[in-house]
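Participant: One-letter residues, chain by chain:
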Amino acid sequence: MVRLVTYRRALPFLPVLTLLAMLGPVGAGLIGTFLPAFGHLPAAGLVGPSLDPFRDLFGWAGLPRAVMLSLSTGIVATAVSLLIVVLITAGWSGTRVFRVLERMLSPLLSVPHAAAAFGLAFLIAPSGWIARLLSPGITGWERPLDLLIVQDSWGLTMTAGLIVKEVPFLLLITLAALGQTDAKRSVTIAQALGYGRLTGWLKTVFPRVYAQIRPPIYVVLAYAMSVVDVAVILGPNTPPSLSVQIVKWMSDPDLAMRLQAAAGALLQLALVMGALGAWRLAELIVAAAGRRWIATGARGKLDVIVAQSALGFGAASALAILLGLVVLAIWSFAGYWGFPDAFPDELTLRNWMRHGPGTLAALGETALIAVTVASAALLLTIGCLEAEYRYRLRFGGGAVWLLYLPLLIPQTAFLPGLQTMLLNLGADVGRVPVMLAHLVFVLPYVFLSLADPFRAWDTRMGTIAAALGSSPDGVLWRVRLPMLLRPILTALAVGLAVSVGQYLPTLLIGGGRVATLTTEAVALASGGDRRAIGVYGLMQTGAALVPFALALLIPALVWRNRRGLRHG
Amino acid sequence: MDKGLTLRNVTISKGGKPLLAVDHHIAPGDVLTVMGPSGVGKSTLLAYIIGTLAPDFSAVGQVWLGGHEITHTPPHKRRVGILFQDDLLFPHLSVGANLGFGLLPGGTAVARLAKVEEALDEVGLGGFADRDPATLSGGQKARVALMRMLLSEPCALLLDEPFSRLDATLRAQVRELVFARARARALPVLMVTHDADDARAAGGAIVTLGG
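If you're matching them up, the sequences are chains E and G in order. Using my numbering, the first residue of the first sequence is number 15, and each one after it goes up by one. Using my numbering, the first residue of the second sequence is number 1131, and each one after it goes up by one.
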């Protein structure tokens, strides 16, 4: 009873608490970045303000190149993946091909970035699977070419790695936006007026869809510009992208290097903000060009070719992830595997025996953090949504941007500051701070995943239940939550997958002492032990994938005799 | 004036503009039919009586039920039952569990099950307790929804276009059943409809809102 009363008193404050959990660490981290960037770091005996950190930063010879890499990889990856997704949706939505793509989405999405990046590297490296399959028969290569494909100095492979992971994400949010637009009828009308399917979709549906998917596109841009794990695995080394260099400076035993890292973090923040502004400008230009294109009345002669090529690129990016997982699996069981051979000489359990205990320990740590964080995020989310329903709160359009804010601030801009601040406070780095840092990134995704189905619930069900004498809590626990079991478990799985995939928060806030599957896997990147990477990459993928499978399986089992909930 | 449902000078407005005004007493066993074109605020009146008025509406006036004012009572303590045009059976519960949800608390599990079975028998659905509500026909669902409401022993019954989703023959049957059960329990009934047949079958006073 006491518990119930406190819970009821806490409910109105949950939205505030949730915002605090999401934005508090971001704000604290930004302050913790700002001060040392201007030479203020009492822990190292330094008192600011001073511009030395920036002088050191701009004195670093690799800076122009690192900045260019951050801009080029981020903008190209976002633009290309958006282009692929928009053209596939325009050309194929409503067809059988499209439905196949939709079904592949969840598994593709749940593959962590690091595992996908390793898979891609194992595919396209000079000694990768593609070269092996073609050699020596077609290429005539007896030994791998001496060619820098993975970690190329232009960051092209890194861009490709980002594209293959962002395509399914952008496709998912485009699908969600499509559900809220009257797309089908618009395209039918356009086709009746003689427009091709793709051109008709672009001219009538795309503007509405884009308005809705704008925030997640900005998230992709901010993420792609500042990503660390993919950059460590696929990106160039000399110099690396700015974010990777910031992390290197942060892990330097010389505390003074943190000042330079903080200055770099502020630069990274400015770069992302500048790129977002430039993207907004580009939107206006594209919109103006689009209006002119619509006015020409062009019906779309190239529709078929464009749609086919978009599908080709989309299929290639999906295949890159799936084949990447296959080659990770082969390596994890590989005995001796000499170069031009398409397959290893023997398959063995030795690699799993050797790395099994290490992965199990890391899996335990990963699961402990992910389950705690995802459950907390789910509780806060349900509390917020229920408070919104019960107290009839209305959130304006601005509230959505608050949700996206922690995803728009580059991780490398505030996590170093958060770590520095924790050190200054004398707080120990470790598991609990890591969990709090994960919560910042898990909460928005869990909230965005659950909000629509929660709000779409027929509130007359609640009215009926209340008229039958059920209290507000009774309605929540006995009617609403059971009916929403499937979206709730999906949101939980999303939260678990996001937590499992986190690299930078675990590394920085954990002070290198919290070893999850992701940090262990990325740490293997420099060593190049493909068998170990295969084992860790597969375990990491499994940790993200299994919850999604359960989120499908459990409601199907629990509600196997309830037809009304099968598609709900 | 003690028994029954009384709406005393109820006026509902939206954005300062008055939407509807009702001042009426419904005696136990009587039916008041509220008619009018859609959009005139008929369902809004029902929302006010059960206590779920949306915040963009404002209302003055009192609601009295069985000699008590319930204008500010939380919805789940008002003891006002409601039926919508959709059956709104809880899809995650069996037919029997839906009825059990309505049944007032108290009594042993065996006694409760017996009451549920009895209610099903009363509307010719004996043996349906374990069925998935989604597998029932429209008429069967309507009957289960009615009995679920009655098992919660409401002191008044509100009907929000309750028969408009049923086809003609079923419609007359279910309508008969609802009014007969309400009369048998001496419930004051307020029905909102735009169907003249419904109003005629109800046989009580008719209030027309809007144009």
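Some hints here could point you the wrong way.
As the list claims (entries may be wrong) - Distance windows between CB atoms, simulated:
| # | chain 1 | residue 1 | chain 2 | residue 2 | range |
| --- | --- | --- | --- | --- | --- |
| 1 | G | Glu1199 | E | Leu119 | 38 to 46 Å |
| 2 | E | Val385 | G | Ala1227 | 50 to 58 Å |
| 3 | G | Ala1184 | E | Gly525 | 45 to 53 Å |
| 4 | E | Val385 | G | Ser1188 | 43 to 51 Å |
What the hints assert, rightly or not - Residues of chain E placed beyond 10 Å of chain G at every Cβ, according to the derived structure:
| # | residue |
| --- | --- |
| 5 | Leu28 |
| 6 | Asp166 |
| 7 | Ala190 |
| 8 | Asn251 |
| 9 | Gly304 |
| 10 | Thr310 |
| 11 | Leu333 |
| 12 | Met475 |
| 13 | Ile478 |
| 14 | Val493 |
| 15 | Leu499 |
| 16 | Trp573 |
| 17 | Asn575 |
| 18 | Gly578 |
| 19 | Leu579 |
Source of the hints: derived by calculation from the structure; they are not laboratory data. Source: prediction; values computed, not measured. Ideal Cβ positions, reconstructed from N, Cα and C, are used throughout, including at glycine.
Participant: Does each hint hold? Answer for all of them.
Facilitator: Hint by hint, here is what the structure shows:
1. Glu1199(G) <-> Leu119(E): 38 to 46 Å: violated, 55 Å
2. Val385(E) <-> Ala1227(G): 50 to 58 Å: Roughly 31 Å apart at Cβ, these two residues miss the hinted range, so it is violated.
3. Ala1184(G) <-> Gly525(E): 45 to 53 Å: holds, 51 Å
4. Val385(E) <-> Ser1188(G): 43 to 51 Å: For valine 385(E) and serine 1188(G) the Cβ distance comes to about 46 Å; the hint holds.
5. Leu28: holds, 20 Å
6. Asp166: Fine: 54 Å to the nearest Cβ keeps aspartate 166(E) off the interface.
7. Ala190: holds, 23 Å
8. Asn251: holds, 55 Å
9. Gly304: Nearest chain G Cβ is 36 Å from glycine 304(E), so the label holds.
10. Thr310: holds, 42 Å
11. Leu333: Given that every Cβ of chain G is farther than 10 Å from that of leucine 333(E), nearest at about 39 Å, it holds.
12. Met475: Methionine 475(E) not clear of chain G: closest Cβ-Cβ about 6 Å, inside 10 Å.
13. Ile478: The assertion about isoleucine 478(E) is violated, with a minimum of 5 Å to chain G.
14. Val493: violated, 6 Å
15. Leu499: violated, 8 Å
16. Trp573: Label violated. Min Cβ-Cβ 7 Å, cutoff 10 Å.
17. Asn575: At roughly 5 Å from the nearest Cβ of chain G, asparagine 575(E) sits no farther out than 10 Å, so the non-interface label is violated.
18. Gly578: violated, 3 Å
19. Leu579: Its Cβ does come within 10 Å of chain G, the nearest being 5 Å, so this is violated.
In this structure, the earlier hints numbered 1, 2, 12, 13, 14, 15, 16, 17, 18 and 19 are contradicted, and the remaining ones agree with it.
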